[in-house]
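So the chains spell out like this:
2 protein chains.
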Amino acid sequence: MIIRHEREALPADLSGETDVQGIELLPLLTEKEGAPNFSMRLFRLAPAGYTPFHTHPWEHEVFVIRGDGFVLGEEGSHPLEAGCAVYVPGGEKHRFLAGPNGMQFLCCVPQVRKD
Amino acid sequence: MIIRHEREALPADLSGETDVQGIELLPLLTEKEGAPNFSMRLFRLAPAGYTPFHTHPWEHEVFVIRGDGFVLGEEGSHPLEAGCAVYVPGGEKHRFLAGPNGMQFLCCVPQVRKD
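In order, the protein sequences belong to chains A and B.
When we follow this note's numbering, the leftmost residue of the first sequence carries the number -9, and every step to the right adds one.
When we follow this note's numbering, the leftmost residue of the second sequence carries the number -9, and every step to the right adds one.
Careful: at least some of the hints might be erroneous.
Unchecked claim - Where chain A lies over chain B, by a calculated footprint (3+ residues, C-beta under 8 Å):
hint, stretch
1, 15 to 25
2, 51 to 57
3, 67 to 75
4, 95 to 101
Stated by the list, open to error - Below are the EDC-like pairs computed for lysine to aspartate or glutamate, each with C-alpha atoms no more than 20 Å apart in a straight line:
hint, chain 1, residue 1, chain 2, residue 2
5, B, K83, B, E7
6, A, K83, A, E23
7, B, K22, B, D3
8, B, K22, B, D9
9, B, K22, B, E(-4)
10, A, K22, B, E82
11, B, K83, A, E23
12, A, K22, A, D3
13, A, K83, B, E23
14, B, K83, B, E65
15, A, K22, A, D9
16, B, K22, A, E82
In case anyone wonders, no lab produced these hints; they're calculated from the structure.
Beta carbons are placed, not taken as given, at the ideal position from N, Cα and C, and that holds for glycine.
Please build the complete structure, drawing on both the sequences and the hints.
Next up, the structure:
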């Protein structure tokens, strides 16, 4: 059993990322912890922060734990608040954006992905 | 893309469960939503509530979102608070217990499990 508080997690290096603003990515439970099937990461978005508007073959399972904002898809944007779960299927374009209070969410992804 | 707030989720029927106390299980993102690899569920434990002390072949990836309590393993109990991530490997006995404030946590499991 592995127990780690989010304050103990080391932020991922996002210096090479483009089309992002005010985001921090904290890997919590990954292959490094021996997780065989999927990884759990915490995203912290500053007010007005956003993740890239992109797509990839693997799915996202997201849960908003603090703050609020939006998820943007091809068909428009949807408001998000703490307690919202979001399923983004593989191949669907998406971007998460924080409102004035910032937004923090868990994002789980399968290990079969390429990054 | 599927967006659902936890207040829209229907609690699972736990009437046949034994060795549990004061727990509610809300499936959020599962096979029903098309999730191919893993499911995200929300557990709500009332004060002093607990999940079964059991084991199974699949892993848990847990994140405490509200309240506090403990996770009990073969080797003893560990305190938990909001912000704690817990990895329970397949085959390891475990129980989650809430403190006086109750505890709510996400628990993700692979689809390859038997239940």
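Here is what the structure says about each hint:
1. 15 to 25: holds (count 5)
2. 51 to 57: holds (count 3)
3. 67 to 75: Held - the stretch 67 to 75 of chain B has 6 residues with a Cβ nearer than 8 Å to chain A, which meets the minimum of three.
4. 95 to 101: With 3 residues in contact (Cβ-Cβ under 8 Å with chain A), the coverage given for the stretch 95 to 101 of chain B holds.
5. B:K83 to B:E7: Within the cut-off at roughly 17 Å; holds.
6. A:K83 to A:E23: violated, 29 Å
7. B:K22 to B:D3: Between B:K22 and B:D3 the Cα gap is close to 16 Å, so the pair holds against 20 Å.
8. B:K22 to B:D9: Status violated; Cα separation ~28 Å.
9. B:K22 to B:E(-4): Within the cut-off at roughly 16 Å; holds.
10. A:K22 to B:E82: Given that 20 Å is the threshold and the Cα spacing comes to 18 Å, the pair holds.
11. B:K83 to A:E23: holds, 18 Å
12. A:K22 to A:D3: holds, 16 Å
13. A:K83 to B:E23: holds, 18 Å
14. B:K83 to B:E65: holds, 10 Å
15. A:K22 to A:D9: violated, 28 Å
16. B:K22 to A:E82: holds, 18 Å
In this structure, the earlier hints numbered 6, 8 and 15 are contradicted, and the remaining ones agree with it.
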